[in-house]
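Chain by chain, the residues run as shown.
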Amino acid sequence: MSALDNRSGEPSHYSRVWTFRTPRARLALWGGWLALVALFVWCWQVMNEGTLWIFVADAPDQAMDIGSRMFPPELAYIAELLMPLWDTINIATLGTLGGVIMAAPIAFLAARNTTPSVLLVRPVALFIIVASRSINSLIWALLLVAIIGPGLLAGIVAIALRSIGFVGKLLYEAIEETDHHQIEAVAATGARSAQILHYGIVPQILPAFWGIALFRWDINIRESTILGLVGAGGIGMKLQSSIDTLAWSQVATILIVILATVVVSEAISARMRQALI
Amino acid sequence: MLTLDKLTKTYTQQDTALSDVTFQVPRGQVVGLIGPSGAGKSTLIRCINRLVEPSSGRILLGETDLVNLSSGDLRQARRRIGMIFQEYALVERLTVMENVLSGRLGYVPFWRSFTRRFPGRDIENAYRLLDRVGLLEHADKRADALSGGQRQRVGIARALAQEPELLLVDEPTASLDPKTSRQIMRLITEICAERQLPAIVNIHDVPLAQQFVDRLIGLRAGRMVVDDSPMSLDEAMLTEIYGAEDWNTSEQDDDPDPDDRSQGPMRVAGTAT
Amino acid sequence: MTAKTSYPRHWKRPPQLVTTRRWRLALPLLILSYLVLAVGSLEIDVERVIEGLERGARFIQGFLQPDFTSRWGDIRRGLIESLTMTLTATVVGVLISVPIGIGAARNLSPRPVYLVCRSIVAVSRSLQEIIIAIFLVAMFGFGPFAGFLTLAFASIGFVAKLLADDIEEADASQIEAIRATGASWWQLIHFAVQPQVMPRLIGLSLYRLDINFRESSVIGIVGAGGIGATLNTAIDRYEYDSAAAILLIVIAIVMLTEYGSSYLRKFLQ
Chain D
0 MSALDNRSGE PSHYSRVWTF RTPRARLALW GGWLALVALF VWCWQVMNEG TLWIFVADAP
60 DQAMDIGSRM FPPELAYIAE LLMPLWDTIN IATLGTLGGV IMAAPIAFLA ARNTTPSVLL
120 VRPVALFIIV ASRSINSLIW ALLLVAIIGP GLLAGIVAIA LRSIGFVGKL LYEAIEETDH
180 HQIEAVAATG ARSAQILHYG IVPQILPAFW GIALFRWDIN IRESTILGLV GAGGIGMKLQ
240 SSIDTLAWSQ VATILIVILA TVVVSEAISA RMRQALI
Chain W
0 MLTLDKLTKT YTQQDTALSD VTFQVPRGQV VGLIGPSGAG KSTLIRCINR LVEPSSGRIL
60 LGETDLVNLS SGDLRQARRR IGMIFQEYAL VERLTVMENV LSGRLGYVPF WRSFTRRFPG
120 RDIENAYRLL DRVGLLEHAD KRADALSGGQ RQRVGIARAL AQEPELLLVD EPTASLDPKT
180 SRQIMRLITE ICAERQLPAI VNIHDVPLAQ QFVDRLIGLR AGRMVVDDSP MSLDEAMLTE
240 IYGAEDWNTS EQDDDPDPDD RSQGPMRVAG TAT
Chain F
0 MTAKTSYPRH WKRPPQLVTT RRWRLALPLL ILSYLVLAVG SLEIDVERVI EGLERGARFI
60 QGFLQPDFTS RWGDIRRGLI ESLTMTLTAT VVGVLISVPI GIGAARNLSP RPVYLVCRSI
120 VAVSRSLQEI IIAIFLVAMF GFGPFAGFLT LAFASIGFVA KLLADDIEEA DASQIEAIRA
180 TGASWWQLIH FAVQPQVMPR LIGLSLYRLD INFRESSVIG IVGAGGIGAT LNTAIDRYEY
240 DSAAAILLIV IAIVMLTEYG SSYLRKFLQ
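Residue numbers (numbering that gives the first Met the number 0), protein chains in the order written: chain D, 0 to 276; chain W, 0 to 272; chain F, 0 to 268.
It is worth saying that the hints were derived from the structure and are not from the lab.
Heads up, a few of these hints could be off.
[Stated by the list, open to error] In silico DMTMM-like pairs for lysine to aspartate or glutamate, Cα to Cα no more than 25 Å straight-line:
hint : chain 1 : residue 1 : chain 2 : residue 2
1    : W       : Lys140    : W       : Glu164
2    : F       : Lys11     : W       : Asp130
3    : F       : Lys11     : W       : Glu91
4    : W       : Lys5      : W       : Asp227
5    : W       : Lys140    : D       : Asp178
Construct the complete structure from the given sequences, taking the supplied hints into account.
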């Protein structure tokens, strides 16, 4: 209180305790952290009820064993991998193509400024996007293999269905970010709505569109390498059969090929994006 | 001939942007619309081609009442009204030629605009307009490669490509330097005189307006407070429009806030005359 | 500026992207021949696909009338495994990422430490979750523990990389200023780096939590536990209504975590 009595306006002494936050905020913060720790411990226990710790203890030996079998990789096996690799690239490319073709109209239906109806159409389009995004392409492939049988087609459709959500989301955000004035100016000339779309909006989103499509293609190459694990064709089929026969040196070769493919596709998509934008 | 009759725009119950605006613009007349920011200048212009929906009143372009048109008829009517925008509003990633040809969108079917196969007459006319605004050699450049003044010329050519019966001009010089501003204003008034086009030019720069327009209309809080020839505009009228201010003091003498200069109505008085 | 009397009546849009004539002709041909080759190597079994359409219809029916009840016990177990795996993996992954992220920041760490940390990040990022899961299942046996390790390992690459990039982008002048006071390395981290990076770290962790849940629904397919295993069984048995129920639950939880984490991120920053 003495500080308040001081006429000169300066307190006669300063508090020697300095804290970063108010006591209440600190309490809440500590409470939050404590709750997180408790939740973690509980989750850990629930999760490991069924864990056989003998296997876990055994893991380093297993790792050593697998590691020694993987080395040296069976490089001659590469010759057999070329056709599956070609299939994998086709799955990614055709899948991306299909996904982009389906995603573009959905993006226009989902964007607030181009949707025909905010109340009816937009929620449906948004649900398609969310559903496609939430389900991993491997799960799509699992479903499609069960429905249309194993093979490349299931892989392509799986990749396409997964791409709709990704491309659709980024594209509709790009549509919503377009410059309103350019669209207004085209509308003011008496253009039809299809013409407004084509002259006012499409030129503005085209660079984003190419960027998104290439980005997704790059991701799809990665994802299509493993679709074979559930029977959807490509190099993943080889991976599955090598694992089933415990041919670890072949597995190592396949992993090297996959890694190389991913690196090359990343470089290609980066180069093309630079050229296009 | 354009007639506005008791044009009113209310956004919400309290917020009235325009109230009972009534005036006529005969052929060939260039009307300058002045007033402080927020007075409703931009709303007025956008109500005429219904980029903003008017609340009540009539807008007659020739014989048609623009206020009650269906969307199909509105499109037909918009073709007759050319508009020039403040920030040019060109489609930045299209070429200059495509921007000019976009003025013909209302006249050509979708497949023609989609394949960019416009009728020969439209193309010839577009070249003529580009020559008129002095950009013939820039036809194949992309719009975002041009300077501000050049872009506004493309905007003018686009509006003229519509072969309009009325020109709406929204702050054509707001983003331009004083010299370019004068060039653009001169071009607009010359073209209106050549084609006997009526035009409404929304402009905040009073000396520039005085120099180029045939008639000045002053808006304050959505109401018309002045309608006179630019020569007779005096201090009393400026006070009527903008509120009290010492209008005679030149800016070089004592302008305490340099950022505020662009808002001052007498801005170019010292440099331009 | 002399006004001409006649102007051309034709105009062609100048090519924007491919400017050489040879490429303009070759490119469509190349693309077309690729498509022909690719589609040609498809080998579609038409009969099988037609047969599949009927199954597809059943699956869509299942989506419209999902069956939550008959496999509820399995679904519940799978969900709990997935959720616990997600949380523990995120916590452990983030805890390990922090030192690795600091180590992988060029402006804070000596060169050898930097290189080691960056290579850990690179390995973790370049291997897919599912491939890591295959190996870890082979080493640790089936079940959620392998899944937990997979997600934790994948989280390290993700969080440490973005954290390191963030530290490298952090305002150098603030770090300079603290260094100038004669602070030790630990004090430097605490006073100059942590305040700048902490909000981002929390955001990244929440984002990763979201990703980990999505991934946890996948790695079950190769035996790493969680809802993915339940889904796999349902599809193998052609129980499309149960599979649809599982997928709907996954979609709902993903939406929930996504909105929840973006809300929390806004709230915390």
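* Return the numbers of the hints above that this structure violates; sort them in rising order. => Hint 1 is the one this structure does not satisfy, whereas the remaining hints hold.
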